[in-house]
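A.B. asks: Sequence:
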Amino acid sequence: FEVPASMLLTADVALRDRTIGRDLSRIEQQQRQRGGASAADRTGFETFALAAVLAVERVQRGAVRGRLRRQDGGVLGGGKVLPQWEVKDELGEKAGGRRWSPLVASLQWPAEEECLIEEGRAEAVTAGAALIAQLVEPVARSAWMRATQRSGVAQATSEEDCGCTAVQALLLAMEAQFGPPPPLDSASGERRWGGRGGGGVALCPLANLAVLPRDAAAAAAAAGAVNARLGRPPDSSGSDGALRCVATRDLPAGALVIAADYREEVEEAEARAGEEERP
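For the sequence shown, the positions run 3 to 281 when the numbering used here is used.
Calculated directly from the structure, the hints in this document are not laboratory data.
No experiment lies behind these values; they were computed from the predicted model shown.
No residue lacks a Cβ here, since even glycine has one placed at the ideal position from N, Cα and C.
Hints are supplied without guarantee of correctness; some may be wrong.
With beta-carbon atoms standing in for the labels, derived distance ranges [what the hints assert, rightly or not]:
1. ALA221 / SER108: 17 to 25 Å
2. GLU177 / GLY201: 14 to 22 Å
3. ARG123 / GLN31: 20 to 28 Å
4. ARG36 / ALA189: 30 to 38 Å
5. GLU120 / GLN32: 25 to 33 Å
My request is simple: use the sequences and hints to build the entire structure.
C.D. replies: Listed below in C-alpha cells is the structure:
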C-alpha cells in the first residue's frame with residue numbers, strides 16, 4: 003500500500019486546525035521567543051501539536067457519536083440524585099465525517115490504568131498534558147453542550163475528562179508518531195516523507211497497523227514473521243506517496259502484513275553515532 007502525503011497528520015496540519023490552530027501558533031511563537039529553536043525543541047512541539055489534535059478529535063468524536071442516557075432512572079429515595087450517565091452510541095458510522103476520525107479510531111488508545119509514564123519523561127508529559135487539557139476543555143464543553151441540547155439533561159462539559167484525555171493523547175502521540183522514512187532501497191539514505199510530505203514527525207494512517215508493538219516486534223522478527231518493509235517511494239516514480247509498504251517475499255491473498263519498523267533502525271543508528279562522537 004501507499005499513503006498519500008495529504009493523509010499525513012503533521013504539525014503543519016495541526017496549526018491549520020480551525021479549533022486549536024491559533025492557540026498552537028501562539029504556543030509555537032512563544033517557544034521560539036524563549037530560544038527553543040533546536041531540532042529537539044521542534045520535534046517536541048510537533049509531538050505536542052499532534053497530541054492536541056488527537057485530544058480534540060477524541061472529545062468531539064465522543065460527543066458526536068453518542069447521547070447521554072440516565073442510568074439510575076431519576077431521583078432516588080430521600081431526594082438524592084445519583085448523577086451517573088453513560089454514552090449511548092446512536093449515530094454509529096454516520097458520525098465518521100470528520101477528516102481524522104478513521105485515524106483516531108484505528109489508534110490503540112491507552113486505558114486509564116495503562117497511562118504509565120517513564121520517570122525521565124514524567125515532568126514533560128505532565129506539563130504538556132496540562133496545557134493540552136486547557137486547549138481541549140472549551141472544545142469539549144461546546145461539543146457536549148450541542149450533544150445534550152433538548153435532551154432533558156443538564157448541560158455537560160466533560161471537564162473532568164479533559165485531563166485524562168490529554169495525558170492519553172500525549173502518550174499515544176509519542177508512541178504512534180513516525181519520523182520521516184528512509185528510501186525503500188537504502189535504510190541509511192536521507193530521511194524525509196515522499197511527495198509533498200516534507201520533514202517532521204507525523205501520524206501516518208495504515209503504517210500504525212502494519213508494524214507491531216515494540217514488545218512484540220523482536221519476537222516476530224526472530225520467528226521470521228516480518229514480511230514487509232516501509233520506506234519512501236522513489237522520487238523517479240512521480241508518486242505523491244509519503245510512505246510505501248512493500249512485501250519482502252511472495253504473500254498469499256489474505257496474508258497478515260507485518261512490516262519492519264524503521265523507527266527502531268533509526269534509533270539504533272543515532273545511538274551508534276552518539277557513541278562514536280564520545281571522546
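A.B. asks: Would you pick out the hints that fail for this structure and give their numbers low to high?
C.D. replies: No hint contradicted; all consistent.
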